[in-house]
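Protein chains: 2
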Amino acid sequence: MKKKKKNVNAAILIIGNEILSGRTQDKNIAFISNWLNSKCGISVKEVRIIPDVERTIIKNIRTLSKRFNFVFTTGGIGPTHDDITAQSIAKAFKVKYGYHREAYKILENYYGKAAFNDGRKKMAKMPLVAKLIYNPSSAAPGFKTKNVFSLPGVPSILNSMIDNCKKYLTKGLKVHSKTVNLFTVESNISKKLAIVQKKYKNYVEIGSYPFFRLGKIGVSVVSRSTSKKKLTNVNKDLMKIIKDKKIKILNI
Amino acid sequence: MKKKKKNVNAAILIIGNEILSGRTQDKNIAFISNWLNSKCGISVKEVRIIPDVERTIIKNIRTLSKRFNFVFTTGGIGPTHDDITAQSIAKAFKVKYGYHREAYKILENYYGKAAFNDGRKKMAKMPLVAKLIYNPSSAAPGFKTKNVFSLPGVPSILNSMIDNCKKYLTKGLKVHSKTVNLFTVESNISKKLAIVQKKYKNYVEIGSYPFFRLGKIGVSVVSRSTSKKKLTNVNKDLMKIIKDKKIKILNI
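Chains A and B, in that order, give the protein sequences.
Mapping of the first sequence onto the numbering used here: residues 794 to 1045, in sequence order.
Mapping of the second sequence onto the numbering used here: residues 794 to 1045, in sequence order.
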């Protein structure tokens, strides 16, 4: 991974009718976002979920790859007719599409010549300029085209190969977070919380999220910052509010 | 709900740093998409997840409300400083923002005058032209501004109030689906499947999704269409392929 640079960002593009229709519950967004932040210091700034439609994929690849440092796509790199991510990315960047020599070799070795049918061969078709992202689970590689990383949609396979993206990424500053869970309601702390957020507005992002647990309602206050020191300062201010208002903290 | 119209579509805009950062696993996308299709015949064509940043919300509201028949937003309508959906939507449409008289009354009645503090009052602030979406769980209403429906981020509350959106929606044709789970691999059926998809390309959308179950790998073939008859025809073709290839069907 290259040297640290502040504020490195990314977008995630989920390609697949099955997620849009609600048939399948997505699990890749949270996984990729957590991995990018914790392992690379990269913050996901936008996610889009789009159908398996070529012109839609092309348009979104062009927009997101210009707007963000990196783009991660999931889905559409398998052997069937609805797997059109690779060809769409080639068209988006106007680069040649065909059998990627290294990918072809990997797949041919994995399946053996006799069982290397057309469907399986399709998984070796991608932008010829692409760099491969090796897949320890099921051989078919992901690939990086310019700043776009294309990964499969099956979560277990994606999870097994994401570390292989690391060498192509520029490392940013990790966002640390601190959560305090309170037995109170948001409206009880909203005024004071807004004052703390204003005080640290350039350094810390404070979010407030209601929860329901143990039959009671509560609020998780989440502070996020690239500076651990600033987080400690915010926490001191929060503790003062909690003490003044006699709010019970839930330790979980 | 108004009379049926073919191909009514929608977009979902998830507003919230907690989903983008991966801290919270989204559950609203699949729920809204399933509800829209099964109850209203409306297909979700795009989903975006964006941060709690005013200019980003404004830009996305403008783009999506122009491009799709309806837009559903989730998140950012609570009492805290990071809840900026209502004001952003007012700005996106250049309409007046302030206390919505009906929402104010609902909340004042719910909390009682003495406990109706500034945080709670904030939840009555929205575009003045908005129509309310009643909330049976926790009183604070959602609202509809032009073709944009704003709902809360907490799934249990969202789920309890979504039926109240129905009266404002135009009904489309429901997309029916048929799933066949096969003990085979995608590459074994990809060629034949592509032929069936081509034959029905204007009527039926066929997707193929690998699964892992009972220690075996398999493929779910999902056909989707507004025509039940066309689905039956596709199914006949699929059954022929399955029989010819001697593939075992998994009944679940």
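Each hint should be verified, as a subset may be incorrect.
The list cannot tell twin chains apart, which means a pair is met if one copy fits it or any two copies do.
Calculated lysine-lysine pairs in the PhoX-like style (CA-CA distance at most 25 Å, straight line) [stated by the list, open to error]:
id : residue 1 : residue 2
1  : K1041     : K1023
2  : K820      : K971
3  : K906      : K820
4  : K967      : K1039
Treat the hints as calculated values from the structure; they're not laboratory data.
For this session: Give me the numbers of the hints this structure contradicts, sorted from smallest to largest.
Result: 3, 4
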